[in-house]
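Asks: Spelled out from the first residue to the last, the chains are:
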Amino acid sequence: MNNLSIRVPYVTRVEGHGNIVVDLKEGKLVKSVLEIVEPPRYFEAMMKGYLYTDAAVISSRICGICAVGHQMTSVKATEAALGIPVTEQTVLLRKLLVYGATMQSHILHIFFLAAPDLFNAPSVIPLAKTHPETVKMALRMKRLSNDICDLIGGRTIHPNRVVPGGFTKLPTEKELLWIKDKLENQMVPNAKASFELLKSLADKFPAFQRETEYIGLKTDSEYAFYDGDISSTDAGIIPVEKYREVTNEFVVPHSTAKHARHKRSSYAVGALARLNNNYDKLNPLAKEVADALGMKPIVKNPYLNTVAQLVETIHVTEESLKLIDKLLTDGIKAEKPIQPEKLREGTGVGCTEVPRGILFHEYTYDNRGQIVKANCIIPTNQNAQNIDDDMKELVPWMIDNGMNKEQMTLALEMLVRAYDPCISCSVHFLDVEFKE
Amino acid sequence: MSKPKVAFFDFTSCEGCQLSKLNLEDDLLDILELVDIVNFREAISDRGEDYEIAFIEGSLSTPHCIERIHKIRRQAKILVALGACAHIGGINAIRNKMDQDEVRETVYGKDKYLFPSIKAQAVSDVVKVDYYVPGCPMDNQEFKKVLSALLTGKIPEIPEYSVCVECKAKENECLYDYGIACMGPITRAGCGAACPSNGHYCYGCRGLVPDLNKNAAKDVMEKYKLSMSQIKKRFYMFNTNYVNMEEKEYE
Ligand code: SF4
Ligand code: SF4
Ligand SMILES: [Fe+2]
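If you read the protein sequences in the order shown, they are chains A and B.
In this text, residue positions in the first sequence follow my numbering: the first is 1, and each later residue adds one.
In this text, residue positions in the second sequence follow my numbering: the first is 1, and each later residue adds one.
One should not assume that every hint holds.
[As the list claims (entries may be wrong)] Facing chain B, from chain A, some residues (calculated, C-beta under 8 angstroms):
1) Y42
2) V57
3) R61
4) I62
5) G64
6) A128
7) N146
8) G154
9) R155
10) T156
11) I157
12) H158
13) N160
14) T168
15) K169
[What the hints assert, rightly or not] Below, a list of computed lysine-lysine pairs in the BS3-like style, where the Cα atoms sit at most 30 angstroms apart:
16) K169/A / K168/B
17) K168/B / K333/A
18) K136/A / K144/B
19) K199/A / K136/A
20) K169/A / K145/B
21) K170/B / K333/A
22) K170/B / K180/A
23) K119/B / K48/A
24) K174/A / K170/B
25) K119/B / K136/A
26) K326/A / K174/A
27) K182/A / K5/B
28) K180/A / K136/A
29) K71/B / K145/B
30) K168/B / K174/A
31) K145/B / K182/A
[Claimed, not checked] With the Cβ distance kept under 7 angstroms, some of the chain B side facing chain A (calculated, not the full set):
32) C14
33) E15
34) S20
35) N23
36) P137
37) N198
38) G199
39) H200
40) Y203
Don't read these hints as lab results, they were simulated from the structure.
By construction, the Cβ of each residue, glycine as well, lies at the ideal position given by its N, Cα and C atoms.
Chain A extracted, bound-state conformation (with noise of 0.2 angstroms):
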């Protein structure tokens, strides 16, 4: 094959506006990057002037598909910079909601945003009628993820509970012994009938791989997801303060998000990121899961992210039901949140691993409590460099392959949706510096 060219304007099944784009020319690859168009959104510029309490509700209006993910990295930056602390019970229950988002959204993508594709269905639609009991399992197990955000944040999208210091409100003994009862007698068994799916279909994802850094939060206790340092499969520890030494943000005229890179010409993020950097402290069932589906560190193979993503799911059912023993055991105390003991100039950083990635938001406050400046790290900037950088291999191994066209096009776009982009949350628009 010599000359090639293939475009898929707004790539389906992904969150947001983005644009595959290959050109082979005279058996040279010229051009294979994935364009993103998605209007600019000027978050950061937006937020300047507000009070630390609204910080987390615009924020979260990044992404309505990452908002858990947005409000605690965005209350844990403002309780840095002010100096607010949590109690134990506000980690846990945090903690439980991330869990809960995480489940949700790797839900999403496992099943409706990827599944089409290992069934070479266009969506999840036609397999509603030809596997209707694995759509069905597929919205019970989403159902009840939402539920879970329901019950602690308040509502799925941009809950309406999660403010610097706690929670305005509090959920139940009874509602935890709900949660409980649900993951036990049916996240459990639906999980494991979804892995024994993944298996059979383990050998729709192409089998490429390539080398690349894969970052994530750990830390020694936990499968890292609410806190921990930044960890890197070539560089170690690094601490969250110094975000900036490991994101190192560019430009690329081709998108309107920009671009990350660290150690090497990029880096990724997200379930398979963190899989390869916290493998050891998978819960035991995960683990198991983990086993079987062959993911042991340091896996390379980027279309493998939604296998980690069914590993995690299990792992963070596992944590859920852990935590919630521990708040039922301690009891729900009636807690209000934590107000700042006075208002003061300040800058902090929050890092919280989403389902797509690592997040930071890092602002910096004026003495009345007003945002002077932000900036928010997206997991889907970090990652668009190393699609690109994937695509550069992947064209010619999938030409070694005597791959046609049409293969060639469906792999590109598995390759992309694998990745579980988040188009919208990429292009909020970063570092804005502020002129007065």
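Put chain B with the ligands on the given structure of chain A with help from the hints.
Replies: Structure of chain B with the ligands alone, referenced to chain A:
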């Protein structure tokens, strides 16, 4: 009777409203019995151009958005705006109050005219909108109600009284008693006072009540001795395009 063809289109948004539809879960399968979805980029690969009902999410913020919405309006018999972004411009409109050229320049530097952008507008600022499902995110139960009203030829209705009314009916404690500026008194009801019922102030995501007397609202807020600049900010959060408070009046 053949099933009506519906299409979903997203503009400048967080996609929360699209996700909200997917969160209908069990009802999704019922909805699929009633309508034929021909275009829904986030969830399906097919892209159909022949549809009768168009659902629009997101605000219009580039010249390309304006072109697309005209094309959609030419095709659609019924056009429904979903969520605050499409309904009132929503959170995207915060930047409308900022110096636009400065916004572009701070983001793109010398390339500020590379990507054309305009103020973030509600869909009805550009083309006729037949019905709304307000909220950020839109309420998916309300969406279901509007959809079934449309399918049975009825006119969907949304409340014209304020969130305060719903909040009082729920016997919530008023947040003003805690010194928290809540937009409930001036925000259109229909969410069941979702935020105050969770202990969080209302930020007006459903838009302002139709007969808003902004000075009355100002009185409510002044009564509780809240900083005017903060109130102005909170007014602007979702309703920038509809609240025009003169700086000099308040500062
Ligand atoms: S109205 Fe809110 S939830 Fe809906 S798209 Fe806009 S920002 Fe997202
Ligand atoms: S209470 Fe206010 S902010 Fe909350 S959903 Fe209702 S209108 Fe929107
Ligand atoms: Fe996102």
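Asks: Would you mind marking each hint as holding or not holding in the structure?
Replies: Results of checking the hints against the structure:
1. Y42: holds, 5 angstroms
2. V57: Hint on V57/A: holds, closest Cβ of chain B at ~6 angstroms, below 8 angstroms.
3. R61: Hint on R61/A: holds, closest Cβ of chain B at ~4 angstroms, below 8 angstroms.
4. I62: Since the shortest Cβ distance to chain B is 6 angstroms, the answer is holds.
5. G64: Result: holds, 2 angstroms to nearest chain B Cβ.
6. A128: Where the cut-off is 8 angstroms and the nearest Cβ of chain B is about 6 angstroms from A128/A, the hint holds.
7. N146: holds, 6 angstroms
8. G154: Cβ of G154/A sits 4 angstroms from chain B, so the hint holds.
9. R155: holds, 7 angstroms
10. T156: Check passed: Cβ of T156/A comes within 6 angstroms of chain B, closer than 8 angstroms.
11. I157: holds, 4 angstroms
12. H158: Interface hint status for H158/A: holds (6 angstroms vs cutoff 8 angstroms).
13. N160: This hint holds: N160/A lies near chain B, its Cβ roughly 4 angstroms from the closest one there, short of 8 angstroms.
14. T168: Hint on T168/A: holds, closest Cβ of chain B at ~3 angstroms, below 8 angstroms.
15. K169: holds, 4 angstroms
16. K169/A / K168/B: Measuring from Cα to Cα gives roughly 18 angstroms; hence the hint holds.
17. K168/B / K333/A: holds, 26 angstroms
18. K136/A / K144/B: Given pair K136/A, K144/B holds - Cα atoms ~20 angstroms apart, limit 30 angstroms.
19. K199/A / K136/A: holds, 19 angstroms
20. K169/A / K145/B: Cα-Cα ~28 angstroms, so holds.
21. K170/B / K333/A: With Cα atoms ~24 angstroms apart, K170/B and K333/A stay inside 30 angstroms; holds.
22. K170/B / K180/A: Measuring from Cα to Cα gives roughly 29 angstroms; hence the hint holds.
23. K119/B / K48/A: Roughly 18 angstroms between the alpha carbons, so the hint for K119/B and K48/A holds.
24. K174/A / K170/B: holds, 21 angstroms
25. K119/B / K136/A: violated, 42 angstroms
26. K326/A / K174/A: holds, 14 angstroms
27. K182/A / K5/B: Since the Cα atoms of K182/A and K5/B sit roughly 37 angstroms apart, the hinted pair is violated (cutoff 30 angstroms).
28. K180/A / K136/A: With a Cα-Cα distance of about 21 angstroms, the restraint between K180/A and K136/A holds, given a limit of 30 angstroms.
29. K71/B / K145/B: holds, 27 angstroms
30. K168/B / K174/A: Since the Cα atoms of K168/B and K174/A sit roughly 26 angstroms apart, the hinted pair holds (cutoff 30 angstroms).
31. K145/B / K182/A: holds, 29 angstroms
32. C14: This interface hint holds because 4 angstroms falls under the 7 angstroms limit.
33. E15: holds, 5 angstroms
34. S20: OK, holds: S20/B within 7 angstroms of chain A, min 6 angstroms.
35. N23: holds, 6 angstroms
36. P137: holds, 4 angstroms
37. N198: holds, 4 angstroms
38. G199: Holds - the Cβ of G199/B comes within 7 angstroms of chain A, reaching about 3 angstroms at its closest.
39. H200: holds, 4 angstroms
40. Y203: Cβ of Y203/B sits 6 angstroms from chain A, so the hint holds.
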